[in-house]
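Dock chain B against chain A, hints included.
Sequences listed follow chains A and B, in order. Take the first sequence: its letter number 332 is residue 359 in the numbering used here, and every next letter is one higher. Take the second sequence: its letter number 35 is residue 47 in the numbering used here, and every next letter is one higher.
Just so you know, the hints here were simulated from the structure itself, not pulled from any lab data. Each hint should be verified, as a subset may be incorrect.
Stated by the list, open to error - For each label pair, taking beta carbons as the anchor points, the in silico distance ranges come out as:
id, chain 1, residue 1, chain 2, residue 2, range
1, B, Ala35, A, Leu40, 48 to 58 Å
2, B, Lys34, A, Val58, 21 to 31 Å
3, B, Ala35, A, Val58, 26 to 36 Å
4, A, Trp84, B, Thr259, 32 to 42 Å
5, A, Thr708, B, Leu255, 21 to 31 Å
6, A, Trp84, B, Ala218, 27 to 37 Å
7, B, Gly291, A, Trp84, 48 to 58 Å
8, B, Leu255, A, Thr677, 56 to 66 Å
9, A, Ala41, B, Lys180, 49 to 59 Å
10, B, Lys34, A, Trp84, 31 to 41 Å
C-beta: ideal position from N, C-alpha, C; glycine also.
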Amino acid sequence: MNFLAPFFLFGALAIAGPIIFHLIRRTTREVKPFSSLMFLQPTPPRVTSKSRIENLWLLLLRCLVLLALALGFARPFFRESSAKTADAGGQGRRLAILVDTSASMRRETLWAQAHEKAEALLHSTTPLDAVTLLTFDRTPRVLVDMERWRTTAVEERAPNAVRQLAAVRPGWHGTNLGVAVLQALDLISGARETVPSRGEIVVISDMQEGMRLDGLQGFEWPPNVTVRFESVKATKLGNAAAQWLAGGEQRDAADKDEKLRVRISNATDAKTERFRIAWGAAADAGLDAYVPAGQSTVIRVPKLPEGANKLTLTGDDADFDNTLWLLPPQPRRVPVIFLGADAEDDTRGSLFYLRRAFQQTPQEIVEISARRAGDAVAAFEFQNAQLVVIGDGATDAQLAGARQFARDGRLAVMPMTSPASAEALGRLLEIPGFTASEAVVREYALLAQIDFQSPLFAPFADPRFSDFTKIHFWHHRRLDAAKLPGAQVLASFESRDPAILRIPLGKGGVIVFASSWRPPDSQLALSSKFIPLLHAILDDSSGLPPARAQYFVGDEIILPPGPQSFTMRKPDGTDAPVSAGGKFAGTDLPGIYVANPGELRFVVNLDPEESRTSPLARDRLAALALPTESENAAPAASAGDGLHATAADTEQRQKLWRWLVLAAVMLLLVETAIAAKLCATKRNPAATP
Amino acid sequence: MSAAPTSTTSPQAGGASFLDPKALMAIRNLELRARTVVEGFWHGIHRSPYHGFSVEFTEYRPYAQGDDPRYLDWRLVARTDRYFIKKFEDETNLRCSLVVDGSRSMAFGSRGFTKADYARTLAATLAYFLSHQGDATGLLTFDEQVREYLPARNRPGHLRHLMLALEKPASGNSTDVATPLRRVAELVRKRSLVVLISDLLAPVEAFSEALALVTASRHEVIVFQVIDPAERTFDFDQAARFLDMETGRDLFLDPSLARADYVRRLEAHVESVRASCEGLGVSHMLLDTSKPLELALFDFLKARSVRGKLIRRKGAAA
Numbered sequence: 028m029n030f031l032a033p034f035f036l037f038g039a040l041a042i043a044g045p046i047i048f049h050l051i052r053r054t055t056r057e058v059k060p061f062s063s064l065m066f067l068q069p070t071p072p073r074v075t076s077k078s079r080i081e082n083l084w085l086l087l088l089r090c091l092v093l094l095a096l097a098l099g100f101a102r103p104f105f106r107e108s109s110a111k112t113a114d115a116g117g118q119g120r121r122l123a124i125l126v127d128t129s130a131s132m133r134r135e136t137l138w139a140q141a142h143e144k145a146e147a148l149l150h151s152t153t154p155l156d157a158v159t160l161l162t163f164d165r166t167p168r169v170l171v172d173m174e175r176w177r178t179t180a181v182e183e184r185a186p187n188a189v190r191q192l193a194a195v196r197p198g199w200h201g202t203n204l205g206v207a208v209l210q211a212l213d214l215i216s217g218a219r220e221t222v223p224s225r226g227e228i229v230v231i232s233d234m235q236e237g238m239r240l241d242g243l244q245g246f247e248w249p250p251n252v253t254v255r256f257e258s259v260k261a262t263k264l265g266n267a268a269a270q271w272l273a274g275g276e277q278r279d280a281a282d283k284d285e286k287l288r289v290r291i292s293n294a295t296d297a298k299t300e301r302f303r304i305a306w307g308a309a310a311d312a313g314l315d316a317y318v319p320a321g322q323s324t325v326i327r328v329p330k331l332p333e334g335a336n337k338l339t340l341t342g343d344d345a346d347f348d349n350t351l352w353l354l355p356p357q358p359r360r361v362p363v364i365f366l367g368a369d370a371e372d373d374t375r376g377s378l379f380y381l382r383r384a385f386q387q388t389p390q391e392i393v394e395i396s397a398r399r400a401g402d403a404v405a406a407f408e409f410q411n412a413q414l415v416v417i418g419d420g421a422t423d424a425q426l427a428g429a430r431q432f433a434r435d436g437r438l439a440v441m442p443m444t445s446p447a448s449a450e451a452l453g454r455l456l457e458i459p460g461f462t463a464s465e466a467v468v469r470e471y472a473l474l475a476q477i478d479f480q481s482p483l484f485a486p487f488a489d490p491r492f493s494d495f496t497k498i499h500f501w502h503h504r505r506l507d508a509a510k511l512p513g514a515q516v517l518a519s520f521e522s523r524d525p526a527i528l529r530i531p532l533g534k535g536g537v538i539v540f541a542s543s544w545r546p547p548d549s550q551l552a553l554s555s556k557f558i559p560l561l562h563a564i565l566d567d568s569s570g571l572p573p574a575r576a577q578y579f580v581g582d583e584i585i586l587p588p589g590p591q592s593f594t595m596r597k598p599d600g601t602d603a604p605v606s607a608g609g610k611f612a613g614t615d616l617p618g619i620y621v622a623n624p625g626e627l628r629f630v631v632n633l634d635p636e637e638s639r640t641s642p643l644a645r646d647r648l649a650a651l652a653l654p655t656e657s658e659n660a661a662p663a664a665s666a667g668d669g670l671h672a673t674a675a676d677t678e679q680r681q682k683l684w685r686w687l688v689l690a691a692v693m694l695l696l697v698e699t700a701i702a703a704k705l706c707a708t709k710r711n712p713a714a715t716p
Numbered sequence: 013m014s015a016a017p018t019s020t021t022s023p024q025a026g027g028a029s030f031l032d033p034k035a036l037m038a039i040r041n042l043e044l045r046a047r048t049v050v051e052g053f054w055h056g057i058h059r060s061p062y063h064g065f066s067v068e069f070t071e072y073r074p075y076a077q078g079d080d081p082r083y084l085d086w087r088l089v090a091r092t093d094r095y096f097i098k099k100f101e102d103e104t105n106l107r108c109s110l111v112v113d114g115s116r117s118m119a120f121g122s123r124g125f126t127k128a129d130y131a132r133t134l135a136a137t138l139a140y141f142l143s144h145q146g147d148a149t150g151l152l153t154f155d156e157q158v159r160e161y162l163p164a165r166n167r168p169g170h171l172r173h174l175m176l177a178l179e180k181p182a183s184g185n186s187t188d189v190a191t192p193l194r195r196v197a198e199l200v201r202k203r204s205l206v207v208l209i210s211d212l213l214a215p216v217e218a219f220s221e222a223l224a225l226v227t228a229s230r231h232e233v234i235v236f237q238v239i240d241p242a243e244r245t246f247d248f249d250q251a252a253r254f255l256d257m258e259t260g261r262d263l264f265l266d267p268s269l270a271r272a273d274y275v276r277r278l279e280a281h282v283e284s285v286r287a288s289c290e291g292l293g294v295s296h297m298l299l300d301t302s303k304p305l306e307l308a309l310f311d312f313l314k315a316r317s318v319r320g321k322l323i324r325r326k327g328a329a330a
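Only chain A is shown next, with the shape it has when bound in the complex (with noise of 0.2 Å):
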């Protein structure tokens, strides 16, 4: 027999009070007065054994009692074994180990406790269970299926499974419990057979504030699924963590330093509040950063000399999120090819306005190089270049390499400015005898009808920005789009004549405008909204994400395309090829990843959520309303090992103490009664002889 709270069975002890009650209380209580004790020699009272047996049944009965509260208090429960372990039903419990292999794992000896915490609980399965682990950080792994568990020897499978483990090490990833969770339990229930048995998710983890909790909220749970935590502790709480606001810098254009913003956290458990931000040995080489208990401050590091390329942060508890990596911002260089015979600085023409909309950001530089109608394009200019805008005046070999250009899966875009642009598109497009017309607009002509669904048109979608109606057209021309083959009307006129046309060709398309965006044909030029259309277009046109200026753990980096294969080279020296699709998804550690060739780098750094330490609060996991077994399930409160939730269950199980209360009731009755005859037969011994 086991017990769950074995301390109660010191009550057990208490029964040495009646026997002592019962050894001396007759020599106490009563009193008899006498009539004269003239004749009496003091004698001292004695315990006869004899004194004992005349109440020994009602003192074992009293013993009895006690006894019997003292062991249903101590909760026992015989320790099943594992043979006969199976659920009322003759079913294993479906089981899925979810162990966290997040970067703030690294800490301590958190991963040492987990292991330990995983293996206690591996070896604690019975045969009937179908058991699964998983290791999860940002994405979770099965380390050992059902299936795999169960085709192996029923003596085999801990060790087996605590090999794997063994074999494991926390990486850099940030955490995402929610994907982890919904998986392990894809897991235990896809899998489910036609007895329902008992599914339990145990989770081993830290608990941190930090882990994503992304689908349990309202998520609808299966009956028989429990989640448990088992979380593990660090000693030390306090962590702080530098992170850099990157992509905040083009507000400190007046500041020639181009000084990088670094945000301080620090942990809500932290003891320290002072930290020092150093990027190199010099003793100049830093900064000091004060930042209370909770709180986080930007501090902004002054341009970095040349070499340095991380910051690293000391003064807290975990040292594993103290190195922060950087790199100057390396804008991306977006070229853009206008073919036409627009002068520079033509204010009635496309350019014009074209490359005004385009500025320079710390992300990107389009540079839009504009080509006369004389010039030659080259074809790997047309293979870099990102997007061809067709003004007037553009040749036919212009054009021709255009039409590749799209064909090859980008965007042409063509604003017409006359009637006669639509001889250009016909060229362009190889219809023969294409013409369009020009629309008799009275006052002008507004666009109705917009196709939100467009990438163009996108960016508009939200009510607040889809207001269209402050620009006015004009001049516009009327093109038939049924002689357009596969065209796509994005925009029309109240006249129902199309506005902007998408026209597929090849892989790619051309976006035809029926009024350019000039002011002599309309206000779109100088509308808000030209800006964000040019860009929709740019972006759907090259189909780069945007630029960022830094990568966690766990993200992929997208190389810009093009026909070379690329061959990235990891933190630790390590090259590795990239897909053809120029993906590159195994950053799993923080530095600067090199791609070759061309030099291209990036910086890869922890995820800052990794950073945030704390343990995770109670209510916002009360809040996910997870089918927790019971109350110590949350992570503040699990400080039981597995075994001894096992012993619950099992105590919860079996509740033997309802029946030692019982037993202690009846025998309080029993005592009752025989404790009442004894009083009444003292109390009028004539009644008995």
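Chain B only, in chain A's frame:
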């Protein structure tokens, strides 16, 4: 003082019909209790040979010259014309003083009533019995000193006073038999019968000295020693703190251990009391409160008759 009971009828003969003391004590009124005992006693002996102790006719003798003509039986002269002198035994009324112990030790009782109840009933019974014979009865109650004193009288209402005095509760802390006996010797001048009713749980020496003083004053003394059955056998079964009712002293005792010694010492005490009584020619009667009161009355009369015979024998010898 002559016609003492001749004890022809054995008191034990009617024992079965005697009242159980417990039932008797259930009667609240002391006088009624006494009457119940006395009447039951008369019923028990049926036709009584006793005609009282006072005026006793003995014989006729022929008149001789010089005899006081007052003693001539004139009715006989008128009927037969013969002169006879009616002869009487010289007898005065009996004066009886009941000396009743009212100390706290008398408040003990194991049978549902106390020794004091028993003693009072006995005293009341004797008083009733005697006053109905026309004898004068007095009362003296005492504990460590004399509490109540009623001189021996025989007049209407006296019995009632006597009963009231008897009903007063025991209050004394200790028993001092010697002092009351000395007081009796002082107060009762005329020769009389002194009936001492007490548990006599006091040192024997002082008691026997005082008793000697009383007998020396030519009083006749009968001692009733009232003892509760529990006092005689000490048959308690549990160890307890025993509290002395008089002194308030207490003792832890295991009765099973103390019993033998106690009984031995008590019997020694009773024996020494009896010995000192017999030495002084005093009747000593040990009364168990579980025994009917009528037996006590028999004992009383028996003691009186023995004494009467003794005196007569002494007179004849003289």
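message: Are any of the numbered hints broken by this structure? If so, which, sorted upward?
response: Going through the list in order, the structure violates hint 6 alone and respects the others.
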